[in-house]
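Residue numbers (this note's numbering), protein chains in the order written: chain A, 24 to 154; chain B, 7 to 170.
Errors might be hidden in some of the hints.
When the alpha-carbon atoms are kept at most 27 angstroms apart in a straight line, the in silico DSSO-like pairs for lysine-lysine are as follows [claimed, not checked]:
| hint | chain 1 | residue 1 | chain 2 | residue 2 |
| --- | --- | --- | --- | --- |
| 1 | A | K115 | A | K72 |
| 2 | B | K146 | B | K118 |
| 3 | A | K100 | A | K72 |
| 4 | A | K115 | B | K11 |
| 5 | A | K115 | B | K77 |
| 6 | B | K62 | B | K118 |
Calculated Cβ distances over 10 angstroms to all of chain B for the following chain A residues [unchecked claim]:
| hint | residue |
| --- | --- |
| 7 | A64 |
| 8 | S110 |
| 9 | R134 |
| 10 | T138 |
Hints were generated in silico from the structure; no laboratory data involved. Only a predicted model underlies this, so the values are computations on that prediction, with no experimental measurement involved. Where a beta carbon is used, it is the ideal one built from N, C-alpha and C, also for glycine.
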Amino acid sequence: RPAGSMETPEVPAATYERRVVRSGAEHHYLRVRLELPDGGARPSVAQFKQLVVSALRELHGEVGAALPVDVLTYEEKTLSAILRVISSGLVKLWSALTLLGFYQNRRCAFRVLQTSPFLLALSGNSRELVL
Amino acid sequence: MVRFKNRYVLCEVVSEDPRCRQCIEDRAVSLAVRDAIGRVHGDYGLACCSISFTVKYLNAYTGTVLLRCRKDFYRLLCSALPFVRQLEGRNQRYPCALRTLHVGGTIRTCQKFLIQYNRRQLLMLLQNCTNEEERRCIQKSVLSCSLTEEQPQSGDEDDDDGIE
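Starting from the given sequences, assemble the full structure and let the hints guide the process.
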């Protein structure tokens with residue numbers, strides 16, 4: 024038998040709302056430097072991006088080459104750049120940069136100096152802090 | 007951590023050229039699939055999928071191929087199968103495509119699926135056949151792979167010749 028009229032319990036007014044974000048940021052930023060020990064012609068920004076994409080294509084195929092990677096800044100003098108990549112592709116990009124050995128048949132190496140999900144964190148570097 | 011788990015991918019070779027059938031061999035198919043994985047997923051994908059990669063079963067008449075790979079990397083393999091465009095054998099190239107029919111954990115489940123699939127294909131062929139002689143052949147095949155009613159006391163033999 025259905026019970027008589029039941030009083031709806033009073034819902035207390037919510038005073039706060041808690042949101043838990045597990046996925047973190049959408050993009051990851053990497054500050055990298057390309058080392059070309061032989062003093063030859065330095066790549067331009069387009070050639071630099073082509074190098075990054077070709078490294079991805081070698082290690083991870085067409086799927087890796089299609090990863091959205093952006094070169095935010097590039098300094099031709101020091102060959103250092105800031106790359107931005109979708110967070111799900113960070114491992115692929117970093118592994119591809121690590122395993123890249125040649126640029127136009129010249130020995131080269133990528134050094135990853137800093138990485139962070141926030142671009143602002145790349146502006147300071149505690150390693151080069153002069154105390 | 008007891009045993010290595012595999013995934014078996016059942017595919018069908020679809021080709022417009024009838025001469026492609028004679029080119030379906032396990033080495034040719036294996037090379038074509040590995041080449042496609044290398045293009046799509048690079049060195050890393052190629053190495054991952056090659057760990058336990060073989061062509062387990064091949065039927066040149068129906069164009070059925072059964073591939074095996076590790077369970078952790080079967081998605082790499084399945085996503086690279088649409089990129090197989092040609093089969094090479096004996097210095098001949100034939101354009102073809104691989105259609106995925108079923109992904110199973112054991113050869114037995116793939117075989118069960120293949121038997122049912124072939125039964126349905128036989129019925130469809132029966133509907134579409136043009137020749138009276140073809141019709142008789144197919145009817146004979148269909149009858150031979152269905153259960154017989156007359157001997158209930160003999161062991162219940164499921165006359166499976168789906169792989170024909």
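Hints, one by one, checked against the model:
1. K115/A <-> K72/A: holds, 16 angstroms
2. K146/B <-> K118/B: holds, 21 angstroms
3. K100/A <-> K72/A: Distance of about 16 angstroms is within 27 angstroms: holds.
4. K115/A <-> K11/B: holds, 25 angstroms
5. K115/A <-> K77/B: holds, 21 angstroms
6. K62/B <-> K118/B: holds, 15 angstroms
7. A64: Fine: 28 angstroms to the nearest Cβ keeps A64/A off the interface.
8. S110: holds, 19 angstroms
9. R134: It holds; R134/A is separated from chain B by about 21 angstroms at its closest Cβ, greater than 10 angstroms.
10. T138: holds, 20 angstroms
Figure legend: structure checked against the earlier numbered hints; every hint is met.
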